[in-house]
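> What follows is each chain in one-letter form.
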Amino acid sequence: MGIKWNEFFITGDPLILGSQIAIVLTMVGIVAGVTYLKKWKWLWSEWITTVDHKRIGIMYIISGVLMFFRGGMDGLLMKAQTSRPEMEFLDAQHYNEIFTTHGVIMILFMAMPMLIGIMNVVVPLQIGARDVAFPQLNALSFWLFFGGAMLFNISFVIGGSPDAGWTSYFPLAGKEFSPGIGNNYYAVALQIAGIGTLLSGINFVVTILKMRTKGMTLMKMPMFTWTSFIASVIIIAAFPIFTVALALMTFDRLYGAHFFTLSGGGLDMLWANLFWLWGHPEVYILVLPAFGIYSEIISTFSRKTLFGYKSMVLSILIIAFLSMVVWVHHFYTMGSGPAVNSIFSITTMAIAVPTGIKIFNWLFTMRKGRIKMTNAMLWSLAFVPCFIIGGVTGVMLGMGAADYQYHNTLFLVAHFHYTIIPGVVFAVFAALYYWWPKMFGFTLNEKIGRWHFWLFVIGFNATFMPMFFLGLDGAVRRSYTYSVESGFAPLFLVSAIGSVILALGFFAFCYNIYWSIRHADRNITGDPWNARTLEWATASPVQPYNFAKLPEVDGLDPFWKMKKNNEGLTIKDSDIEEIHMPSNSGLPFFMGVVFGVAGFFLVFEWHIAAAIAAIGIIAGLIYRSFDYDEGYHIPVDEIKETESKWRNVEGEVHNYVK
Amino acid sequence: MSSKIDHSLPLEYQTEQNRLNILGFWIFLGAEIVLFATLFGVYGVLYQRYAGGPTHQDIIMIKDVLIQTVLLLTSSFTMGIAIFEMRRQQLKGLIFWLVITLLLGSGFLFMEINEFIHYVHLGATMQTSAFLSSLFVLLGTHGAHVTFGIIWAIMVIIQLVRRGLTPTTARKTFIIGLYWHFLDVVWIFIFTFVYLKGMVG
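Top line first, the protein sequences correspond to chains A and B. With the numbering used here, the residue at position 433 of the first sequence is 433, and numbering never jumps. With the numbering used here, the residue at position 67 of the second sequence is 1067, and numbering never jumps.
Incorrect hints may have been included.
Claimed, not checked - Stretches of chain B that chain A covers, calculated by requiring three or more beta carbons in the stretch to come under 8 Å of a beta carbon on chain A:
no. : segment
1   : 1013-1026
2   : 1029-1038
3   : 1042-1050
4   : 1133-1145
Bear in mind the hints are in silico, worked out from the structure with no lab data behind them. Cβ coordinates follow ideal geometry from the N, Cα and C atoms, glycine included.
With the rest of the complex left out, here is chain A:
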């Protein structure tokens, strides 16, 4: 044990004290609000215990937005600290913790849940299925992710945050140089969330392989389904490596093993290799579904079938393969020699080829299309030039010899923000504008959306463009301050101002959600964008069972063809049969809680308490093994009623784009 209770809560820093007070007030506020509105039962039976893929997806997205806020605050604090030379806003330790949590939260607790959330909502609908293959496992995935995310987030008020960077390289991340418990949070919280992600990957692979509706062969799947499928395959291939790496880190830190230590024969660079063996595929797990989102949106708003479908599929397969064989480019400076570095330079630069094919395909999709400038389309358009800047600087970094110059500078930081923000964040925004009506039954406001778009895109470029030049001038990453003589001050200031504009853009987005919940038109069709794939053949918001009668398809853009040929859009009473549905379950939530609690004890190295909590995990598994719940059936009358409601709406129904 040996925990010092006076160090349990972080004290003495006004910023953190403020956060602690804010957290307590928020929690009291939420509890009081839910109690006042008498919503506890609703919250439990409609959301916490749900196994509906759409609701799980929405919970993922809400968590992602919250984590975006948290990670964004970290980013703003960093930008404030570096806005002027020799600032004394944050001390070095605090700065270290903030860039670490910023990276971890943005990648693993913002980008991942956003994309997995969108996959959850959209993929079963696109393939004409009623749910994923394992609905309860899907809920477990979410609650494990959520448990891990919460465990990681409490680190900055209880016990101290990890401070060795989101890559947590050894020997710095080892017990010898980071004796506090901060890095235990990293090892344990990411492990819990990672198990959830792995289970999601398995779930989606089985769903997409086995649950496609009649006639949808692999080469007739919508592009977002394809990219989600390949991303899930990469999850299965890459996440176990991270599981092992984190477990070994835990053994090193908690039990004195010698995997990555400097003493006892350990190899610190073994960690870097394992980390990036997972970490590089991880960035393609993020960006591939985003590519799929852009493919859907560009095709819809260009009013054309996606150009070069087969080459798109081939490109994602090649990208998936190459993603596994480039990991050494993250540490050319390890000194593995010119031969090794050359091979990894070539594989790295080769990724530009399939990615370039995709870019050209999107451009050709737009060529001669009747383009509709909706917000979703604007994000997709902005993605192309911004992402190309990220991609081209990536090729620069990929050249092993040149990388010795760029390594560990802000040039690299600018590069990966130019890939991840246009590649993932723009895609998430585009997807939210696009699929929002499917989730909630109304569209987000297009006018406020324009503010969101322009502020965010301008702010993004103003923040990260100067960092390329700072990096080329020699400004290193992760340094909490710089001297006046360095001459970095003007560009750092531009970057800081940019980050404020970026933040305003995000607030415009939050305001848009608030405004649209209050005022948006509820009387919309199931197909407000005049779109092409099967998810638009359902109501907005989607019925619990998705499809009253499973559709049949015989090509790409099936819903577009249904509309053109005016067939399959109506449903006969005789077609409706009762539908089998899985029952809700509180077990996934319980598992998320016990995993979180056991993880918390493990972080503090209270092994007996952790072992007792782990009994809860075993108990949950045994309970599940003996659970023979067969689900329930929705009766025909109820389906008829639901269907008649949205298929024959009285009065004016709005289609947002003709």
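Please build the complex by placing chain B on the supplied structure of chain A, with the hints as guidance.
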């Protein structure tokens, strides 16, 4: 996910949900292969980094390991017989062979724990050297999987006794069978690359 039953297929494949579960488990085993491959990779990097501590030849008890191997390989064979009995609709035979499998598995586990205790008495602990860290974690992960498999199989046996052979219990039995064979395959690699290779130096 209708509960339509296709009687032309083996019991465990008769419902759609069963077919999904079995495919899902195969894919899970794919992830497990990556997990063990990573552990083997780590062992492959660290296996000569003795840091002045004991080497393979100092600690390995090859006779005991051979007995462990025979126990586990036999248990995989008896698991095969159990599934064969399941296909013949012989519930009693199925349970009998499952129990034999678990006894053999427990014997393996007992000997492995003894082996670990023996190592610790020789002063070869996980904290001694990188070699021993990777050895203990590789063997320990396999051993933990066997332990988990035994507890899981007991749960399945209880359900078989209570509910008899239904598509659901047959699917559960079939999946634990897949899991058990997988652990056997992993052990073959451990036996070859850790013990045999360690003995020849």
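> Could you run down the list of hints and mark each one as holding or not?
Verification of the supplied hints:
1. Only when three residues or more bring their CB closer than 8 Å to a CB of chain A does the claim for the segment 1013-1026 of chain B stand; here the count is 5, and the claim holds.
2. With a threshold of 8 Å between beta carbons, the proposed coverage of the segment 1029-1038 of chain B by chain A holds, since 6 of its residues qualify and at least three are required.
3. Requiring three or more residues with a Cβ within less than 8 Å of a Cβ of chain A, the coverage given for the segment 1042-1050 of chain B holds, as 5 such residues are present.
4. Counting residues of the segment 1133-1145 of chain B whose beta carbon lies closer than 8 Å to any beta carbon of chain A gives 4, which meets the minimum of three for the stated coverage.
In terms of the numbered hints stated before, the structure departs from none.
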